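Each chain, letter by letter, is given below.
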Amino acid sequence: MAGDKVVVLGTYVSMFSMRAQVALNEKGIEYEKKEEDLANKSPLFLEMNPVHKKIPVLIHNGKPVCESLIIVQYIDEVWHDKNPLLPSDPYQRAQARFWADFVDKKVYDCGRRIWATKGEEKEAAKKEFIGIMKTLEGELGNKPYFGGEDFGYVDVALIPFYCWFHAYENFGNFKTETECPKLVEWAKRCMQRESVSKSLADPHKIYEFVVSLKKKLGIE
Amino acid sequence: MPTNDVKLLGAPASQYVNRVQFALNLKSIDYEFIPQNMREKSELLLKSNPVHKNIPVLLHGDKPICDSLVILQYIDEFWFDGPSILPSDPYDRAIARFWAAYIDDKWIPFFKELTTAKDEESKTALVEKILEGVKLFEDVFVKASKGKCFFGGETISFLDIVLGCYLGWLKAWGIQLDVNFLDESKTPALVGWAERFSSDKAIHGIIPETEELFRILQIILSRAADAASK
Numbered sequence: 001m002a003g004d005k006v007v008v009l010g011t012y013v014s015m016f017s018m019r020a021q022v023a024l025n026e027k028g029i030e031y032e033k034k035e036e037d038l039a040n041k042s043p044l045f046l047e048m049n050p051v052h053k054k055i056p057v058l059i060h061n062g063k064p065v066c067e068s069l070i071i072v073q074y075i076d077e078v079w080h081d082k083n084p085l086l087p088s089d090p091y092q093r094a095q096a097r098f099w100a101d102f103v104d105k106k107v108y109d110c111g112r113r114i115w116a117t118k119g120e121e122k123e124a125a126k127k128e129f130i131g132i133m134k135t136l137e138g139e140l141g142n143k144p145y146f147g148g149e150d151f152g153y154v155d156v157a158l159i160p161f162y163c164w165f166h167a168y169e170n171f172g173n174f175k176t177e178t179e180c181p182k183l184v185e186w187a188k189r190c191m192q193r194e195s196v197s198k199s200l201a202d203p204h205k206i207y208e209f210v211v212s213l214k215k216k217l218g219i220e
Numbered sequence: 001m002p003t004n005d006v007k008l009l010g011a012p013a014s015q016y017v018n019r020v021q022f023a024l025n026l027k028s029i030d031y032e033f034i035p036q037n038m039r040e041k042s043e044l045l046l047k048s049n050p051v052h053k054n055i056p057v058l059l060h061g062d063k064p065i066c067d068s069l070v071i072l073q074y075i076d077e078f079w080f081d082g083p084s085i086l087p088s089d090p091y092d093r094a095i096a097r098f099w100a101a102y103i104d105d106k107w108i109p110f111f112k113e114l115t116t117a118k119d120e121e122s123k124t125a126l127v128e129k130i131l132e133g134v135k136l137f138e139d140v141f142v143k144a145s146k147g148k149c150f151f152g153g154e155t156i157s158f159l160d161i162v163l164g165c166y167l168g169w170l171k172a173w174g175i176q177l178d179v180n181f182l183d184e185s186k187t188p189a190l191v192g193w194a195e196r197f198s199s200d201k202a203i204h205g206i207i208p209e210t211e212e213l214f215r216i217l218q219i220i221l222s223r224a225a226d227a228a229s230k
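Protein chains in written order, with our numbering: chain S, 1 to 220; chain D, 1 to 230.
No lab work stands behind these hints, which were simulated from the structure alone.
Since the structure is predicted, the reported quantities are computational estimates derived from the model, not experimental observations.
From the three backbone atoms N, C-alpha and C, an ideal C-beta is built for every residue, glycine too.
Among these hints, one or two may not hold up.
Going by beta-carbon spacing under 8 Å, a handful of chain D positions derived as facing chain S [to be verified]:
hint	residue
1	Arg-39
2	Leu-59
3	Val-70
4	Gln-73
5	Glu-77
6	Phe-78
7	Tyr-91
8	Asp-92
9	Ala-94
10	Tyr-102
Straight-line Cα separation of at most 25 Å, SDA-like style, residue types lysine to any residue; simulated pairs [to be verified]:
hint	chain 1	residue 1	chain 2	residue 2
11	S	Lys-105	D	Ala-100
12	S	Lys-54	D	Asp-105
13	D	Lys-53	S	Asp-109
14	S	Lys-54	D	Leu-45
15	D	Lys-53	S	Tyr-108
16	S	Lys-106	D	Met-38
17	S	Lys-54	D	Val-127
18	S	Lys-127	S	Lys-63
19	S	Lys-53	D	Asp-104
20	S	Lys-106	D	Leu-114
21	D	Lys-63	S	Pro-144
22	S	Lys-63	D	Leu-114
Please build the complete structure, drawing on both the sequences and the hints.
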């Protein structure tokens, strides 16, 4: 739609902000990315997400949409004529929503425990993480994307975590490629898409960010 | 697919299962309810929901659909010629989904925390958070309903179902804690909505009686207390 003003309030490191960006890029939508300083939240940010005070927030012509997967669905519905992210069949859509929700409920929390804990807790988190990735790999099967032949909703939900793998692997002392080679193949395939490579952060910068975050939080 | 090939794996007292029942009723879909014993999960449940092993599961023909919010959207999209459950405008849908996520990820979990809260101080803090949520729902309702009967306007919609499923448990918890969660003097619009919602013909009779939920709550609390003392 001509004359649309689209803003994404997010942060460079947030996999959730990246989801919004990937979706907008897939649709070819121009937008402004505003980097939010979470230690010093801007008045705009607090006004746009007063309930959770969390990023990302999509602001479309002045109206805020919060929660990354809700944002992705909104983007898919508003710009429905370009590169649909959700399939058209109701059962396939249900499967896509289920798996995106699975990613949401499992990956972030478990990933965080890998770098934020030590000893037995860290080992347990690492095992759980590999288990989650194997489950996802099973769901992917032999398809090029979770969406089948086409890049879709679940791909958008999961791919931003790929730039965090380097940090998880370093802190957890494992290689996702060894444990889940098909999943890493999938990730590299997604990275061939400009919509994805433009949106994901540099894995080395993510690693440095986690190092400094651990220092700030006093975690060894 | 024949509409009578619809089965729902669930338990009558589960608010998440009740949501699916409301939606099926709103769309006038006949279904078979297959009660599940969650302490001894059936083969059918484990086969249909291997990832979470949880209820509700909708079986449409041989296809399982899991997670109550996913099921609601499936019902709305498959049986698209019935009354709409989700709003038609993308922005309104985003708002409805946002509040559904808040209810499921933040608000209902407060009650789960109450089952294991050890002292009066933590219980009071949780009750405060729950009441803050109710106040938010009042504001959301006033904005969304635009003076009409439901969150969806004239007809029951997604957010009515997502929040309304918890009305029975809200009463049971209210008795347990001696708190009036839906106070007419504080949230009058929501109180009116709760009465209209509960008496709607698609909704009435699904949520078990408060006495029954209260009885189940005692069992839940005593199990939690046993687990804590081990």
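Hint by hint, work out which the structure violates, then give me just those numbers in ascending order. 1, 2, 8, 14, 18 and 22
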